[in-house]
Amino acid sequence: MDLDLRKAVLHNISGNNTEQLEATIVDAIQGGEEKTLPGLGVIFEVYWNNADESEKEEVLEVIEEGLKK
Numbered sequence: 100m101d102l103d104l105r106k107a108v109l110h111n112i113s114g115n116n117t118e119q120l121e122a123t124i125v126d127a128i129q130g131g132e133e134k135t136l137p138g139l140g141v142i143f144e145v146y147w148n149n150a151d152e153s154e155k156e157e158v159l160e161v162i163e164e165g166l167k168k
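Residue numbers for the sequence shown, in my numbering: 100 to 168.
Because the hints were derived from the structure by calculation, they are not lab data. Where is the CB? At the ideal position from N, CA and C, for every residue including glycine. Each hint can be trusted.
The calculated label-pair distances, taken between Cβ atoms and stated as ranges, are:
#1 110 with 168: 32 to 38 angstroms
#2 131 with 107: 20 to 26 angstroms
#3 117 with 161: 15 to 21 angstroms
#4 146 with 166: 14 to 20 angstroms
#5 164 with 114: 29 to 35 angstroms
#6 103 with 164: 29 to 35 angstroms
#7 167 with 109: 28 to 34 angstroms
#8 166 with 121: 19 to 25 angstroms
#9 114 with 166: 30 to 36 angstroms
#10 107 with 153: 28 to 34 angstroms
#11 114 with 163: 29 to 35 angstroms
#12 153 with 133: 29 to 35 angstroms
Let the hints inform the model, and build the full structure from the sequences given.
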């Protein structure tokens, strides 16, 4: 079986509005299941590929601060 996880995740969230996307992200994080990590990675990849340099810098700073806690 040839499963392209990236395509599957994108297919599942394609067309979702902001509330649905937020619910997907929050549910994945609150659920704490390892199986949701690849999906969150795909969502982050979409963000990263569409963010400008200042947005990327801001998210990196937030991540850096979060890792210090």
